[in-house]
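Undergrad: Next come the chains, spelled out residue by residue.
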Amino acid sequence: MKRESVLPVLLPDASRLVQTALRERRDGWRVRLRASHGGALLAVFVTGCAIAQAQVQAGNPSILETIWKWTPLLARGFVFNLAISFMAMGIGSIAGLFLGYAQISLLSPVRKTSWFVTHFFRNAPWLVLLFYCMFLIPFEVTLFGTKIPIPDWTKATLGLALPVMANVSEILRGAVQSIPTTQWEAASSLAFNRRQTMWMIILPQCIKRMLPPWMNLYAILTMSTVLASIVGVNEMMTLTQRALSAENRPGLLLSFYSYVLLWFFVYCYPIARWTVHLEARYAVKQ
Amino acid sequence: MMDRPAVNKSPTQRERKRSGSDPSRPIVDVADVHQAFGSVEVLKGVSMIVRKGGVVCIIGPSGSGKSTLLRCINGLVPIQSGSIRVADFEVHQLRTDKEKIALRKEVSMVFQQYNLFPHKTALENVMMAPIHVLHEERNEVRERAVALLTKVGLAQKRDSYPGELSGGQQQRVAIARSLAMRPEVMLFDEVTAALDPETVKEVLNTIRELAREGMTCILVTHEMRFAREIADEVLFTDGGKIVEAGPPAELFDRPRMERTKAFLSQVL
Ligand SMILES: Nc1ncnc2c1ncn2[C@@H]1O[C@H](COP(=O)(O)OP(=O)(O)O)[C@@H](O)[C@H]1O
Ligand SMILES: [Mg+2]
Numbered sequence: 005m006k007r008e009s010v011l012p013v014l015l016p017d018a019s020r021l022v023q024t025a026l027r028e029r030r031d032g033w034r035v036r037l038r039a040s041h042g043g044a045l046l047a048v049f050v051t052g053c054a055i056a057q058a059q060v061q062a063g064n065p066s067i068l069e070t071i072w073k074w075t076p077l078l079a080r081g082f083v084f085n086l087a088i089s090f091m092a093m094g095i096g097s098i099a100g101l102f103l104g105y106a107q108i109s110l111l112s113p114v115r116k117t118s119w120f121v122t123h124f125f126r127n128a129p130w131l132v133l134l135f136y137c138m139f140l141i142p143f144e145v146t147l148f149g150t151k152i153p154i155p156d157w158t159k160a161t162l163g164l165a166l167p168v169m170a171n172v173s174e175i176l177r178g179a180v181q182s183i184p185t186t187q188w189e190a191a192s193s194l195a196f197n198r199r200q201t202m203w204m205i206i207l208p209q210c211i212k213r214m215l216p217p218w219m220n221l222y223a224i225l226t227m228s229t230v231l232a233s234i235v236g237v238n239e240m241m242t243l244t245q246r247a248l249s250a251e252n253r254p255g256l257l258l259s260f261y262s263y264v265l266l267w268f269f270v271y272c273y274p275i276a277r278w279t280v281h282l283e284a285r286y287a288v289k290q
Numbered sequence: 490m491m492d493r494p495a496v497n498k499s500p501t502q503r504e505r506k507r508s509g510s511d512p513s514r515p516i517v518d519v520a521d522v523h524q525a526f527g528s529v530e531v532l533k534g535v536s537m538i539v540r541k542g543g544v545v546c547i548i549g550p551s552g553s554g555k556s557t558l559l560r561c562i563n564g565l566v567p568i569q570s571g572s573i574r575v576a577d578f579e580v581h582q583l584r585t586d587k588e589k590i591a592l593r594k595e596v597s598m599v600f601q602q603y604n605l606f607p608h609k610t611a612l613e614n615v616m617m618a619p620i621h622v623l624h625e626e627r628n629e630v631r632e633r634a635v636a637l638l639t640k641v642g643l644a645q646k647r648d649s650y651p652g653e654l655s656g657g658q659q660q661r662v663a664i665a666r667s668l669a670m671r672p673e674v675m676l677f678d679e680v681t682a683a684l685d686p687e688t689v690k691e692v693l694n695t696i697r698e699l700a701r702e703g704m705t706c707i708l709v710t711h712e713m714r715f716a717r718e719i720a721d722e723v724l725f726t727d728g729g730k731i732v733e734a735g736p737p738a739e740l741f742d743r744p745r746m747e748r749t750k751a752f753l754s755q756v757l
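Residue numbers (the working numbering), protein chains in the order written: chain S, 5 to 290; chain G, 490 to 757.
I should point out that these hints are in silico values taken from the structure, not numbers from a laboratory. Worth double-checking, as some hints may not be accurate.
Just some of the chain G residues that point at chain S, by a computed CB distance under 10 Å [unchecked claim]:
1. Arg560
2. Asp586
3. Val596
4. Asn604
5. His608
6. Val622
7. Leu623
8. Arg666
9. Ala669
10. Leu676
These figures come from a predicted structure and were not determined experimentally. We put the CB at the ideal spot given by N, CA and C, even for glycine.
With the rest of the complex left out, here is chain S (with noise of 0.2 Å):
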């Protein structure tokens, strides 16, 4: 469609609000990691264990000897973390591709099914998902004659799976809408039909545009597996408080949840960083 502006000297500026407008309601919530994000986390686990080591009474073993030798069971858990991640991205990232495709289809009953579908989970709060699921799916299944459990932490990534799945499905839908119109016609006018237009000219142009705000989801992600530990999986986050409770000291609190952020700050913050870069590329590309 041609829109003819009233006042074409303000075109640039007023076409760089709408794109940052329109970009910012595709991608949704963005996290920008910063290092002096991180140069503040460090700050207050220094403190933290300054603080504490103050507090130590003669006898007891040093604030850092403590974390370290707690450290072993918490990379533990936050490699738990990670699999929850990888596995709820993985999933989600499926479910949502197929939903968001069903968003863009010719049929309004599938189109407006996919849509309602898409945002209720993309608005519904990730904790919500989460204790609804852990709720409400069986702790085991009876298939064939045979009981096969399924265990905490599945339905948690389950429940984590859902919001990344109509994330994804938006993130598709809006890149498919970011293509021009004039790409559709020249294929049209080349003859190709609208499967092959979508399979050969659309979507492959939409990984590049897509990637940016998917690796942001997969932030976000990461550090919502943490949720998992408030429905009692054994995640870095609920080791933590185990070892609180275990070592039932005063000051460490500060500390050790200030150690678990920096190794969660650690592993996102690459990702954010190559999320920038791509953006920045891609940006200048087109």
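Here the structure of chain S is known, so what remains is to put chain G with the ligands in place on it, guided by the hints.
TA: Positioned in the frame of chain S, the structure of chain G with the ligands alone reads:
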């Protein structure tokens, strides 16, 4: 708005069908076409014919429906009434993909903004449609694509992506891409309007060469000198109608209608 069955049964339509084998019959025949986007009527009864090998230039102010007319001829937008025939195809009656493919083998369009596929190299852009739409043999298509790129002077740029080419180069790749479908008719929609003055010439040279080789061309253009040089007939459109038509010498030098005079005095 007339409904279609009534149009199909009109005597003129049957007459045309009967004269199907006549070699002198126009390759493009547009008769009293009305086209509207919603309630806005864009084409208000347009008729034109183009003979095989003919070059028709369409000029007129912006918004007068020139692009829409080309889109109708290519079957990209449906029309409300009237008829469009290209070669043996009644464009307004095509429904299935198969029929549309058959039409677009006959008539191919080049756009103002090139519209190349940015994720494919120049060569791949040219090869895609013959391979995937016409299902032709890959090696044969490749040979033809290289020949076409050579023809438009871009053989050495075959592995470049559109983003690495200048506007004029992209537009010439777009022309090669259209030619790869081996069309009988080429439609050019202001193909030089987005180009730098220096690169306009290289694109016009390509079109001139095509016209000399006998390709049937319909061009929407603002290059009046070029239109005068290559056109057999020039149409002046305004407000969704063809106001005046004639050979370039007549239309440019002795326009009859006031509207045409006013437009030409502005652009010449
Ligand atoms: N897809 C569309 N939807 C609605 N109106 C359109 C569309 N395409 C073109 N128009 C309108 O049709 C009129 C003619 O457009 P166009 O054929 O592009 O004119 P030209 O190519 O002569 O400048 C314009 O007023 C334009 O706004
Ligand atoms: Mg136009």
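Undergrad: Please write out, lowest number first, the hints stated earlier that are contradicted by the structure.
TA: none
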